[in-house]
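Enquirer: Sequence:
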Amino acid sequence: MRIVLAGIIGRYPWGGVTWCSLMYLLGLRSLGHEVFYLEDTLECNYDPEIDEIATDPGYALRYIDNSLSTFDLGDRWCYVDYTGVHHGIEEGKWMEICQSTDLFLVLSGGCWAWRDHYLTIPVKAFIDSDPGFTQLALHKAQQEAGADEEKNWYLDYFKTYDRLFTFGKNIGTPECEIPTGPFEWLPTYQPISVDLWATQSERTPPRKPWTTVMTWQIESFTDIGGNKNEEFAKVLGLPRRLEKDLDVDFELAVNGPKTFLSENGWPCTNAFEVSRDPWRYRDYIQTSRGEFSVAKHTYVKWNTGWFSDRTACYLASGRP
Numbered sequence: 001m002r003i004v005l006a007g008i009i010g011r012y013p014w015g016g017v018t019w020c021s022l023m024y025l026l027g028l029r030s031l032g033h034e035v036f037y038l039e040d041t042l043e044c045n046y047d048p049e050i051d052e053i054a055t056d057p058g059y060a061l062r063y064i065d066n067s068l069s070t071f072d073l074g075d076r077w078c079y080v081d082y083t084g085v086h087h088g089i090e091e092g093k094w095m096e097i098c099q100s101t102d103l104f105l106v107l108s109g110g111c112w113a114w115r116d117h118y119l120t121i122p123v124k125a126f127i128d129s130d131p132g133f134t135q136l137a138l139h140k141a142q143q144e145a146g147a148d149e150e151k152n153w154y155l156d157y158f159k160t161y162d163r164l165f166t167f168g169k170n171i172g173t174p175e176c177e178i179p180t181g182p183f184e185w186l187p188t189y190q191p192i193s194v195d196l197w198a199t200q201s202e203r204t205p206p207r208k209p210w211t212t213v214m215t216w217q218i219e220s221f222t223d224i225g226g227n228k229n230e231e232f233a234k235v236l237g238l239p240r241r242l243e244k245d246l247d248v249d250f251e252l253a254v255n256g257p258k259t260f261l262s263e264n265g266w267p268c269t270n271a272f273e274v275s276r277d278p279w280r281y282r283d284y285i286q287t288s289r290g291e292f293s294v295a296k297h298t299y300v301k302w303n304t305g306w307f308s309d310r311t312a313c314y315l316a317s318g319r320p
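Here the sequence shown stands for residues 1 to 320, where the numbers follow the working numbering.
Be aware that a few hints might be false.
Claimed, not checked - Listed below are the simulated SDA-like cross-link pairs for lysine to any residue, each with C-alpha atoms no more than 20 Å apart in a straight line:
no., residue 1, residue 2
1, 169, 190
2, 234, 258
3, 140, 176
Hints listed in this document are in silico derivations from the structure and should not be mistaken for laboratory results.
As the structure is a computational prediction, the values presented were derived from the model and not from experiment.
Starting from the given sequences, assemble the full structure and let the hints guide the process.
Expert: Okay, structure coming up:
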């Protein structure tokens, strides 16, 4: 079967985001499928070299190529920039590939454009990695639809899919009260390429701290809120409450208020520095004692049944 997976490797060129798409591509290929990677977000990409959203896709293109070439996928990707220009596989060839594709998998925002050649693919499926946020946004769009063309577009976008999957196993069940409207969400989890995460303890001895890699507040779903900062407030005083002889240390690789966290006993490092590429991210996890983290408040408040793809990587590395 020929499968196109759409992800956000170039839009957010960070190690954890990259692994999410990589492990779908590698897992599907290991099952005998022919895989291609697409990115068509209608947006510009973040460029860490200038630390801002950039109209020049150069960094994103190099990053995607480097990440995929390691796994012999360097000639199997197409990046459509915000102006509609195709990079990697050129537009005509990409249209031909789509015409013979059997399954179109879109991983949370990897493609927001319904181009004609995507619509011809027989089966189209969306994978929601932010359970609760997506459904609340859809519910809000339903309430405000009608004269609001943007809300109508958002609803129509999801209605175009044949199947909708979510990392929240409780979405659409009595365990979670978020209205799902006309949409049926099927539970799924992030696949893990265990062979790429398993460690040899003598080769990769753990450091002392318990760690995590986290974003304090995400830039999307700003009208919904419910980020990690709200849940972290519940454990903020933990380091000061631990007895010295317990020998428990923490280190947060955080995109957030490092000074504030450090003053409260949470040593911090730069999240981007430990996740600049997939290999640094993996090394950081594999050399950690284990993970200590919190879930986003929306996941907790609504009991979505979400499980972290990052936590799964810690576990696959033998780190609790």
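Enquirer: It remains to establish, for every hint, whether it holds in the given structure.
Expert: Here's how the hints hold up against the structure:
For the proposed pair residue 169 and residue 190, the alpha carbon gap of about 12 Å is at most 20 Å, so the pair holds. For the hint linking residue 234 to residue 258, the alpha-carbon distance of about 17 Å falls within 20 Å, and the restraint holds. Between residue 140 and residue 176 the CA atoms are separated by roughly 17 Å; this keeps the pair inside 20 Å, and the hint holds.
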